[in-house]
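Participant: Here is how the chains run, residue by residue.
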Amino acid sequence: MQLTWREIVTAIHGMLFGGFFLMACFGALVLLHRSFAARGSSEVTEQGRRRERIFLIVMVVLGWAAVLSGAYVVYPWYRAAVPPGVTNLELYPQRLLMSDPHTAGWHTLGMEWKEHVAWMAPMLMTMVAWVMMEYEDAGEEHRRLRAMVSGFALAAFLAGGVAAECGAWINKKAPVTGGRVITLNRDGK
Amino acid sequence: MSSPREAVANGAAGAAMLAAGLGCFALGVLAVAGDGSKALARLLTFYRPTGPLSGVSTMAIVVWLAAWIAGNRLWRGRTVAIGKVSGAAFVLLALGLLLTFPPCEDLLLGK
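Heads up: the protein sequence lines correspond to chains A and B, in order. Numbered according to the numbering used here, the first sequence spans residues 284 to 472. Numbered according to the numbering used here, the second sequence spans residues 137 to 247.
Calculated from the structure, these hints are not laboratory results. The model shown is predicted, which means the values in this text are computed figures rather than measured ones. Certain hints may be false.
[Claimed, not checked] Here are some chain A residues pointing at chain B (derived, C-beta under 10 Å):
1. ALA354
2. ALA363
3. LEU392
4. MET406
5. MET410
[To be verified] Pair ranges (Cβ atoms, derived):
6. TYR183(B) to GLY461(A): 17 to 23 Å
7. ALA175(B) to PHE309(A): 40 to 46 Å
8. LEU243(B) to TRP288(A): 39 to 45 Å
9. GLU329(A) to SER173(B): 51 to 57 Å
10. ASP383(A) to GLY219(B): 46 to 52 Å
[As the list claims (entries may be wrong)] Here are some chain B residues the structure puts well away from chain A; computed CB gaps all over 10 Å:
11. SER173
12. LEU176
13. ALA177
14. ARG178
15. ILE205
16. ALA206
17. GLY213
18. ALA217
19. LEU244
20. LEU245
For glycine and all other residues, C-beta sits at the position ideal for the given N, C-alpha and C.
Could you put together the complete structure from these sequences and hints?
Facilitator: Structure follows, in structure tokens:
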């Protein structure tokens, strides 16, 4: 039972950073809905507010970790140039996809969309988290603000979802692999 | 006499929303520009292994943060027409989303 270094890093990028970021975005949407749908004063304690702030900060850090690890670690492996004379494209996912008209769209549409739209999600969620923390009192005007930023949070969730979905499918069609081999279980049990 | 709603300073939130919209729009414009011009793509290659995406994303972040800092200085402590500001930010975000969608990009570039 083996994994390569690149497979592990790709999983950390997509499943740990990206996956948890998306789950946190959904959590933020629930928080926003609860705060602008509530009547009367907020019942959240000071400790509850502190935990909400930590949750929002962790969400933002996960979002930036996902796009930065994607763009500067995984993407260079994905788009690596094929050296002259190499015919096995297993280590060159972009070239592998482009070599077959049935899979080329996963790069020309999927990756081309994902690589750009993904950046919008952490940008928008940083703004959403900041507004939620800056205007955490659920006064009438602040409730209106939270209703407005929930639209941006939904857009961020959809942008992040598009990036995650495209990334998952692309990695199924042409996995990012290679690098040091890590053996998890030698006897195959 | 101002109503309680008008008395609440929402300028900082408006600046943050508008800056995020501008950042997304800048991302879309730079993505199309980088795809349409080889010279610009070379210019936007800040980190060779990542290619033009490194410059497109970095410059969009610079636009977003610069707009946020400037807007915050201008509007902090003030009350703005938050509905109009967030509406403008949404339009910018929607345009940015459209520009990053490859079929729209190809249509604009005549590909």
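Participant: Each hint: holds or not?
Facilitator: Hint check results:
| no. | hint | in the structure |
| --- | --- | --- |
| 1 | ALA354 | holds (5 Å) |
| 2 | ALA363 | holds (8 Å) |
| 3 | LEU392 | holds (5 Å) |
| 4 | MET406 | holds (5 Å) |
| 5 | MET410 | holds (4 Å) |
| 6 | TYR183(B) to GLY461(A): 17 to 23 Å | holds (20 Å) |
| 7 | ALA175(B) to PHE309(A): 40 to 46 Å | holds (42 Å) |
| 8 | LEU243(B) to TRP288(A): 39 to 45 Å | holds (40 Å) |
| 9 | GLU329(A) to SER173(B): 51 to 57 Å | holds (54 Å) |
| 10 | ASP383(A) to GLY219(B): 46 to 52 Å | holds (50 Å) |
| 11 | SER173 | holds (16 Å) |
| 12 | LEU176 | holds (15 Å) |
| 13 | ALA177 | holds (13 Å) |
| 14 | ARG178 | holds (16 Å) |
| 15 | ILE205 | holds (13 Å) |
| 16 | ALA206 | holds (15 Å) |
| 17 | GLY213 | holds (12 Å) |
| 18 | ALA217 | holds (12 Å) |
| 19 | LEU244 | holds (14 Å) |
| 20 | LEU245 | holds (12 Å) |
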